[in-house]
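Chemist: Read off the chains here:
There are 2 protein chains.
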Amino acid sequence: MLSFQELSAQFNQQFDTQHFPATPNTLYAPGEYFLTIGGKRIRPVMCMMGNELFSDIHPDAFVVARAIELFHNFTLVHDDMMDEANLRRGMPTVHTKYDSNTALLVGDVMLIRAYEFLQNVQPSYLPKILKIFNKTAREVCEGQQLDMDFSKMEQVNMEQYIHMITLKTSVLLAASLEIGAIIGGASENNCHHLYEFGKKVGIAFQIQDDYLDAYGDAAIFGKEPGGDIKQNKKTFLLLHALSVANKEQSVALELLLKNDDAQKVDKVLAIFNECGVGAWAENLKAKYLQEAFDHLESIAVVSARKQPLIDLANYLMSRNK
Amino acid sequence: MLSFQELSAQFNQQFDTQHFPATPNTLYAPGEYFLTIGGKRIRPVMCMMGNELFSDIHPDAFVVARAIELFHNFTLVHDDMMDEANLRRGMPTVHTKYDSNTALLVGDVMLIRAYEFLQNVQPSYLPKILKIFNKTAREVCEGQQLDMDFSKMEQVNMEQYIHMITLKTSVLLAASLEIGAIIGGASENNCHHLYEFGKKVGIAFQIQDDYLDAYGDAAIFGKEPGGDIKQNKKTFLLLHALSVANKEQSVALELLLKNDDAQKVDKVLAIFNECGVGAWAENLKAKYLQEAFDHLESIAVVSARKQPLIDLANYLMSRNK
Numbered sequence: 071m072l073s074f075q076e077l078s079a080q081f082n083q084q085f086d087t088q089h090f091p092a093t094p095n096t097l098y099a100p101g102e103y104f105l106t107i108g109g110k111r112i113r114p115v116m117c118m119m120g121n122e123l124f125s126d127i128h129p130d131a132f133v134v135a136r137a138i139e140l141f142h143n144f145t146l147v148h149d150d151m152m153d154e155a156n157l158r159r160g161m162p163t164v165h166t167k168y169d170s171n172t173a174l175l176v177g178d179v180m181l182i183r184a185y186e187f188l189q190n191v192q193p194s195y196l197p198k199i200l201k202i203f204n205k206t207a208r209e210v211c212e213g214q215q216l217d218m219d220f221s222k223m224e225q226v227n228m229e230q231y232i233h234m235i236t237l238k239t240s241v242l243l244a245a246s247l248e249i250g251a252i253i254g255g256a257s258e259n260n261c262h263h264l265y266e267f268g269k270k271v272g273i274a275f276q277i278q279d280d281y282l283d284a285y286g287d288a289a290i291f292g293k294e295p296g297g298d299i300k301q302n303k304k305t306f307l308l309l310h311a312l313s314v315a316n317k318e319q320s321v322a323l324e325l326l327l328k329n330d331d332a333q334k335v336d337k338v339l340a341i342f343n344e345c346g347v348g349a350w351a352e353n354l355k356a357k358y359l360q361e362a363f364d365h366l367e368s369i370a371v372v373s374a375r376k377q378p379l380i381d382l383a384n385y386l387m388s389r390n391k
Numbered sequence: 071m072l073s074f075q076e077l078s079a080q081f082n083q084q085f086d087t088q089h090f091p092a093t094p095n096t097l098y099a100p101g102e103y104f105l106t107i108g109g110k111r112i113r114p115v116m117c118m119m120g121n122e123l124f125s126d127i128h129p130d131a132f133v134v135a136r137a138i139e140l141f142h143n144f145t146l147v148h149d150d151m152m153d154e155a156n157l158r159r160g161m162p163t164v165h166t167k168y169d170s171n172t173a174l175l176v177g178d179v180m181l182i183r184a185y186e187f188l189q190n191v192q193p194s195y196l197p198k199i200l201k202i203f204n205k206t207a208r209e210v211c212e213g214q215q216l217d218m219d220f221s222k223m224e225q226v227n228m229e230q231y232i233h234m235i236t237l238k239t240s241v242l243l244a245a246s247l248e249i250g251a252i253i254g255g256a257s258e259n260n261c262h263h264l265y266e267f268g269k270k271v272g273i274a275f276q277i278q279d280d281y282l283d284a285y286g287d288a289a290i291f292g293k294e295p296g297g298d299i300k301q302n303k304k305t306f307l308l309l310h311a312l313s314v315a316n317k318e319q320s321v322a323l324e325l326l327l328k329n330d331d332a333q334k335v336d337k338v339l340a341i342f343n344e345c346g347v348g349a350w351a352e353n354l355k356a357k358y359l360q361e362a363f364d365h366l367e368s369i370a371v372v373s374a375r376k377q378p379l380i381d382l383a384n385y386l387m388s389r390n391k
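As they're listed, the protein sequences go chains H and D.
Residue 71 is where the first sequence starts when you use the working numbering, and the numbers rise one by one after that.
Residue 71 is where the second sequence starts when you use the working numbering, and the numbers rise one by one after that.
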């Protein structure tokens with residue numbers, strides 16, 4: 071069994087190449103540019119791990135992993151446009167370095183290219199993989215739409231937020247594992263549990279992400295915490311605080327959300343602390359992680375094969391972005 | 071054998087329904103909106119004609135035809151954004167009626183939805199169809215990129231223009247026919263000729279489109295001619311005029327392209343006429359149409375089966391947009 075790091079090295083070796091034809095350069099060079107600026111490539115490696123949980127890695131796993139990474143990058147190129155983000159991983163985003171029309175078309179062609187890789191897998195499981203890939207791709211779009219919708223809504227409840235996060239983030243992690251498992255010859259039941267494992271890990275990961283954005287150590291985190299608070303982003307923490315705050319805290323919080331206050335981050339954090347948001351988030355994260363491990367436990371393979379996935383989950387939970 | 075009109079009625083009956091799930095409504099309602107504003111649905115019907123050229127229409131032909139029409143509409147939604155077009159078929163475009171972020175995501179999810187329909191065809195030919203669909207989709211993006219590139223270039227030659235038009239317009243017509251033919255069980259050789267037929271018809275159609283934009287009768291054409299001339303659009307006509315103009319005509323033409331002149335359309339048309347552009351375009355269109363019919367002739371089925379395709383080509387060549 072290979073570790074995440076070993077699989078990652080194998081994947082990167084195959085992935086760090088040209089992804090598009092040479093011409094038209096005006097379309098494909100921006101695409102290649104974006105794919106060189108990196109990322110942790112968690113999803114494609116999860117696809118390979120899904121395969122290796124059940125059997126030796128099949129060459130198709132690399133092909134599908136590549137499609138998944140291209141799909142993920144397509145979402146980033148278009149999301150950056152929607153969010154008007156100028157930087158990604160410290161580098162200019164496509165619409166910033168080139169222009170919006172280029173970024174729009176680069177995203178489109180990256181999605182299509184993902185399907186071009188998919189077309190090459192064994193016909194025996196192509197329809198099954200295509201089905202999961204399509205459903206997931208559509209759900210990710212739905213998640214992005216809900217995220218945009220929520221930013222304009224007065225009230226969002228925890229259930230709605232978890233639904234959005236599941237679509238925007240978790241289903242792609244889950245599907246990456248499941249598609250790998252299909253290539254590895256897993257049964258439907260095992261596929262189901264692996265998918266649920268990925269989904270729960272994804273939610274736990276988002277809770278941590280929200281937590282670190284508020285409480286992270288700038289030195290480790292790599293950026294000043296409080297970005298979500300400054301933008302009034304509806305996060306696990308804010309939604310929980312709003313739901314448990316007493317009258318006085320509610321009024322103070324609503325006021326902070328509506329006005330620009332130089333001490334906004336500190337003041338919001340103070341209310342978060344009064345509401346015990348940190349400990350609550352830790353508990354919720356632990357709950358989802360436990361549910362994830364329960365699903366992993368239900369998969370009918372010897373536990374030694376599961377170790378890399380346990381390591382991955384723990385690594386994701388300890389990383390500081 | 072059914073005529074284009076009969077097949078069109080059959081297709082529309084199946085297509086005029088809901089294409090997306092109900093929620094999130096903020097994403098899917100704009101998608102449904104755009105699909106109701108119509109269009110001639112030439113491509114999906116060509117897919118059905120490709121099938122019927124070789125055998126009775128298989129239910130898969132409807133499914134793929136639907137995917138093709140969704141793909142085509144995805145390109146329209148995103149092209150309208152790039153072209154900053156406010157109206158399409160007299161109705162507000164998606165980014166105009168809603169906003170750019172919505173239009174971006176609606177296009178994305180429409181493309182994914184096209185693949186979701188594709189996934190349901192018989193596994194025996196799914197890989198083959200997926201391959202053609204992917205290649206064509208990528209080529210259409212390349213064509214759009216080249217079109218944008220050309221608008222910024224000083225010089226474009228006829229060969230480059232035909233290449234762009236082929237990618238942007240013709241390959242989807244060609245692929246629609248070919249995919250239908252595959253469902254109909256056509257041989258590789260027959261598929262090839264049918265694809266080439268579609269490609270040549272597409273180019274002939276674009277020549278006519280360029281011609282009508284300059285010389286069309288406003289009453290029939292539905293809009294004032296001269297739009298391309300006003301926008302300095304590089305068309306078959308302009309590129310030919312530039313290539314055959316004498317020194318004096320060249321200078322006059324270049325000057326008209328660089329300056330705003332109230333009589334611009336008339337003056338450019340006068341030079342076009344001096345250069346014999348109209349007759350040249352008629353000849354070129356006839357040449358491509360003949361090449362298309364030669365390919366159709368080479369297809370090994372009885373000629374009676376080919377009649378609807380001949381009728382379609384003639385109909386496309388006579389229509390006034």
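Some hints could be false.
The list cannot tell twin chains apart, which means a pair is met if one copy fits it or any two copies do.
[What the hints assert, rightly or not] Quick list of in silico lysine-lysine cross-link-like pairs, DSS-like style, CA-CA up to 30 Å:
no.	residue 1	residue 2
1	LYS334	LYS201
2	LYS317	LYS328
3	LYS303	LYS201
4	LYS110	LYS205
5	LYS167	LYS303
6	LYS334	LYS205
7	LYS222	LYS167
8	LYS201	LYS328
9	LYS303	LYS376
10	LYS167	LYS328
11	LYS300	LYS328
12	LYS317	LYS201
13	LYS328	LYS110
14	LYS300	LYS357
15	LYS167	LYS334
16	LYS201	LYS222
17	LYS328	LYS376
18	LYS167	LYS355
19	LYS167	LYS376
20	LYS317	LYS110
21	LYS334	LYS303
22	LYS300	LYS355
Rather than coming from a laboratory, the hints here were simulated on the basis of the structure.
Chemist: First find the shortest C-alpha distance between LYS328 and LYS376 inside one copy, then the shortest across copies, and answer within, between, both or neither for a cut-off of 30 Å.
Modeler: Result: close neither inside a copy nor across copies, 48 Å intra and 68 Å inter.
Chemist: My question is about LYS201 and LYS222: at a cut-off of 30 Å on alpha-carbon distance, are they close within one copy, between copies, both, or neither?
Modeler: Classified as neither; 32 Å inside a copy, 41 Å across copies.
Chemist: Between LYS317 and LYS201, at a C-alpha cutoff of 30 Å, which is it: within one copy, between copies, both, or neither?
Modeler: Neither. Shortest intra-copy (48 Å) and inter-copy (60 Å) distances fail the 30 Å Cα cut-off.
Chemist: Checking an output row: LYS167 and LYS303, CA cutoff 30 Å. Within, between, both or neither?
Modeler: both (27 Å within a copy, 27 Å between copies)
Chemist: For LYS300 and LYS355, with the copy left unspecified, which applies at a CA distance of at most 30 Å: within, between, both, or neither?
Modeler: Cα proximity of LYS300 and LYS355: one copy only (23 Å, versus 61 Å across).
Chemist: How would you label the pair LYS167, LYS355 (within, between, both, or neither) given a Cα cut-off of 30 Å?
Modeler: neither (37 Å within a copy, 41 Å between copies)
Chemist: Measure nothing new, just compare the shortest in-copy and cross-copy C-alpha distances for LYS222 and LYS167 to 30 Å and report within, between, both or neither.
Modeler: both (28 Å within a copy, 18 Å between copies)
Chemist: At 30 Å max between alpha carbons, let me know whether LYS167 reaches LYS376 within a copy, between copies, both or neither.
Modeler: Neither. Shortest intra-copy (42 Å) and inter-copy (50 Å) distances fail the 30 Å Cα cut-off.
Chemist: Within, between, both or neither: how does the pair LYS334, LYS201 come out at a Cα-Cα threshold of 30 Å?
Modeler: neither (46 Å within a copy, 54 Å between copies)
Chemist: Checking LYS317 and LYS328: alpha-carbon separation at most 30 Å within a copy, between copies, both or neither?
Modeler: within (17 Å within a copy, 67 Å between copies)
Chemist: With identical chains, the pair LYS317 and LYS110 could be close in the same copy or across copies; at 30 Å between alpha carbons, which is it: within, between, both, or neither?
Modeler: Neither: 43 Å inside a copy, 60 Å across copies.
Chemist: Taking 30 Å as the upper bound on the Cα-Cα distance, should LYS334 and LYS205 be classified as within, between, both, or neither?
Modeler: neither (40 Å within a copy, 52 Å between copies)
Hint compliance for this structure: hints 1, 3, 6, 8, 9, 12, 13, 15, 16, 17, 18, 19 and 20 are broken, all remaining hints hold.
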